[in-house]
Amino acid sequence: MDLSQLVIILATAIATATPLVFAAIGETITERAGVINLSTEGTILLSAMTGFAAARAANNVLVGFAAAAIVGALVSLIVAFGAITLKQSQIAIGFVLALLCADLSSFLGNPIVLVPGPTVPSMPIPLLQDIPVLGRLFFQSDLLVYASYLLIAVTWVFFYRTRPGLLLRSIGEQPAAAFARGNNVIRMRYLYTLIGGALLGIAGAAFSLDFKAGWSNRATAGYGWIALAIVIFGGWNPLRAAVGAYFFGVLQSLASVAQSSIQSVPTQVFSVAPFVLMILVLVLTSGQWLDNLLSRLPVEVRRPILRAIRAPAPAALGKVFEQD
Amino acid sequence: MKENPTLHTKSPVSQLNRGLIYQGGALMLSLLFVAVIILLTGESPLHVVSALVDGAFGTPDQFARVFATLTPLVLCASGLIYTFTAGLYNLGVEGQIVIGAIASTLAIRVLQGQLPPPLVIAVSILAGTLGGVLWGLLAGALKVYGNISEIFAGLGLNFVAQGLAIYLIFGPWKRPGIASMSGTEPFDDAFALGRFGQTDAAPVALAIAVIVLVATIVIMRNTHFGLRLKAVGQNPRAAFILGMPSTRLLLSSFLVCGAFAGMAGSLQVVGLFHRLIPSISSNLGFLALLVVMLISFNAVWIAPVAFFFSALNVGSLQLPMALRMESSLSGVIQGMLVLFALLARGFSERNRKTRS
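Just so you know, the sequences run in chain order U and E.
In this note's numbering, each residue carries its 1-based index in the first sequence increased by 268.
In this note's numbering, each residue carries its 1-based index in the second sequence increased by 244.
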């Protein structure tokens with residue numbers, strides 16, 4: 269394999285991973301606030317369909333992204349209302365919405381299957397795009413891809429370097445403590461569920477207006493479920509989630525190269541990888557056995573190892589909070 | 245991360261009535277929403293209803309197909325009663341169907357020609373059941389010993405099972421000549437369950453589903469095991485303190501659910517498709533989750549609701565031809581019904597709390 273081939277594989281990987289980056293970071297934000305939005309697959313499909321339809325009607329890609337973000341936020345509003353206000357199971361409501369929105373996208377999207385429409389124009393950055401290798405990889409994309417890089421950085425800084433970010437993490441870990449300090453936990457959980465939902469919507473539009481450039485039934489090939497796996501794989505950390513998304517992109521990109529030489533195995537088989545990795549990561553980080561294994565080591569060695577591997581779920585994830 | 249599905253509890257008559265009013269309202273609202281969605285596509289809801297009825301019950305073939313869909317749906321819904329009662333969201337039921345189908349196919353491939361065909365079919369169903377048990381227990385072990393949410397473990401294992409099926413269909417078990425999404429080479433007719441005439445419905449498969457359903461209703465109502473599962477589901481800590489073997493109870497609920505789902509997968513192979521196909525589960529495991537959520541985990545209601553959902557699934561297949569409409573309308577109706585039922589339950593509980 270020569271360098272140019274490698275560059276093509278990596279460039280494909282970045283394109284494949286971009287919708288996933290938006291979805292995984294959106295879901296990470298929601299789950300960090302203590303809410304599981306299990307509807308990802310349905311939300312992404314429905315917003316991909318509406319985003320494409322809106323962009324086509326207005327002949328404007330931005331309108332499409334706005335519509336998709338609104339649809340994503342609306343679906344997540346149902347999750348937030350059912351789970352936070354009505355205190356029903358987040359899993360049940362999210363799961364029903366995952367199936368319902370997926371079917372709704374096929375049903376309503378029927379007239380726009382495989383019709384041409386607007387797409388995000390490519391926007392190479394002058395001068396930088398001429399850098400060998402790096403230019404082709406990072407500076408010959410479109411605005412959406414650049415925005416995804418920005419999102420990763422902004423989310424990380426927000427989480428770990430700002431006070432509101434600290435507060436966000438605290439309502440997912442210790443909502444009672446955050447409430448006692450005078451914060452409105454319920455309102456903030458609504459806010460971050462809606463933001464996460466809007467990002468899922470943008471992930472959908474990234475599919476239909478950029479990566480796949482068009483709409484067909486069930487076009488997202490399980491990306492919603494994969495995003496859920498990547499959130500866990502990423503240990504609820506936006507940077508690690510993004511790494512997970514790109515890793516998946518590389519796997520997919522390698523798979524399609526491999527498929528042209530070994531035709532017997534379809535690419536779907538490779539989609540299994542994130543789930544196997546998710547389960548392995550969960551086994552590594554959830555059980556007691558890692559502690560037992562490392563307990564013989566001195567504390568100075570043990571602690572950094574544990575900190576590097578362990579990424580526990582937010583303590584209050586999925587739990588109802590009684591504010592009144 | 246752990247949360248308990250609210251169980252069906254006995255309540256005074258007035259509260260029951262209020263609950264019924266909320267559920268009735270939810271039903272009306274969901275149908276209203278569906279009607280609006282149909283109107284959005286420029287079609288009349290009444291035309292759609294008649295096309296659905298015609299699609300499900302118009303010919304004996306279609307009616308038989310409703311029963312062919314009902315069989316796996318009832319089996320999976322019965323299995324999910326155990327896991328839901330124990331407070332578990334067994335989203336891995338899809339994968340348990342797929343592994344059941346794979347194990348069943350494997351048994352036929354190995355045994356055909358070695359044993360008399362009826363015996364091969366029996367062993368194949370048994371193998372499918374065991375395959376489902378294996379996959380169910382895997383999620384259960386991750387939950388009980390690894391402290392991993394059964395929701396994410398189950399979802400992950402679904403994709404692993406699906407990937408395995410596709411690998412087998414395109415790899416080791418591919419049809420002579422060219423491998424394709426149409427599945428493995430069909431088995432000889434001798435290895436297929438008998439059917440009503442030329443239709444899709446296999447009476448033996450249906451009988452198995454009925455037996456499983458009745459057994460589930462009896463076990464949940466009248467046995468110690470059912471009672472203990474409820475105790476673990478409602479309050480795992482209290483059950484543990486009272487000396488119940490909660491680990492064993494949780495694992496056995498996964499075992500039973502996996503067994504029934506595996507059986508369903510096996511019957512899809514020997515009773516319906518006569519080969520392994522990529523979409524062998526036809527998403528009926530997820531549909532069974534919707535059924536059980538809609539009926540608040542009360543097994544008595546499985547039969548009517550599953551029948552209605554099956555009729556919707558089969559009836560909607562007619563929509564593309566009759567009205568040039570997408571068949572996913574059935575999923576929209578089913579999802580709306582369950583979503584509004586869940587929200588209505590929330591409103592009803594909230595209202596009860598503010599009054600008291």
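Simulated from the structure, these hints should not be mistaken for lab results.
One or more of the hints may lead you astray.
Using 30 Å as the maximum straight-line C-alpha spacing, the simulated DSS-like pairs for lysine-lysine come out as follows [claimed, not checked]:
hint	chain 1	residue 1	chain 2	residue 2
1	U	K587	E	K597
2	E	K474	U	K587
3	U	K587	U	K355
4	E	K418	U	K587
5	U	K355	E	K418
6	E	K474	E	K597
A few chain E residues that don't get close to chain U, going by computed Cβ distances all over 12 Å [unchecked claim]:
hint	residue
7	L264
8	L275
9	G286
10	L350
11	L370
12	A383
13	L399
14	D433
15	F440
16	V448
17	S560
18	L563
19	S572
20	M580
21	G590
Ideal Cβ positions, reconstructed from N, Cα and C, are used throughout, including at glycine.
Verify that the Cβ of D433(E) lies farther than 12 Å from every Cβ atom of chain U, and report whether the claim holds or is violated. holds, 29 Å
Within 30 Å, alpha carbon to alpha carbon, are K587(U) and K355(U)? Holds. K587(U) to K355(U) sits at ~9 Å (cutoff 30 Å).
Nearest-CB test (12 Å) between chain U and A383(E): At roughly 10 Å from the nearest Cβ of chain U, A383(E) sits no farther out than 12 Å, so the non-interface label is violated.
With d taken as the least Cβ-Cβ distance between L275(E) and chain U, does d exceed 12 Å? Non-interface label on L275(E) holds, nearest chain U Cβ at 14 Å vs cutoff 12 Å.
Non-interface claim for G286(E): all C-beta distances to chain U beyond 12 Å? Contrary to the label, G286(E) does not stay out of reach of chain U, its closest Cβ about 10 Å off (not over 12 Å).
Outside-interface status for G590(E) - nearest CB in chain U farther than 12 Å: violated, 3 Å
Please settle this one: L563(E) was flagged as non-interface, so is its CB more than 12 Å from every CB on chain U? violated, 9 Å
Test the statement that L370(E) is away from the interface with chain U: the closest C-beta pair must be farther apart than 12 Å. holds, 27 Å
Would you check whether the claim that S560(E) is not at the interface survives, using Cβ distances to chain U and the 12 Å cut-off? Since the minimum Cβ distance to chain U is about 10 Å, S560(E) lies within 12 Å and the statement is violated.
Minimum C-beta separation from F440(E) to chain U exceeding 12 Å: can you confirm that? holds, 30 Å
For the pair supplied as a hint, K418(E) and K587(U), confirm whether the alpha-carbon distance does not exceed 30 Å. With a Cα-Cα distance of about 46 Å, the restraint between K418(E) and K587(U) is violated, given a limit of 30 Å.
So L350(E) supposedly isn't at the interface. Is its beta-carbon more than 12 Å from every beta-carbon in chain U? Holds, because the least Cβ-Cβ distance between L350(E) and chain U comes to about 18 Å, which exceeds 12 Å.
Violated hints, listed in ascending order, are 4, 5, 9, 12, 13, 17, 18, 19, 20, 21; each of the other numbered hints is respected by the structure.
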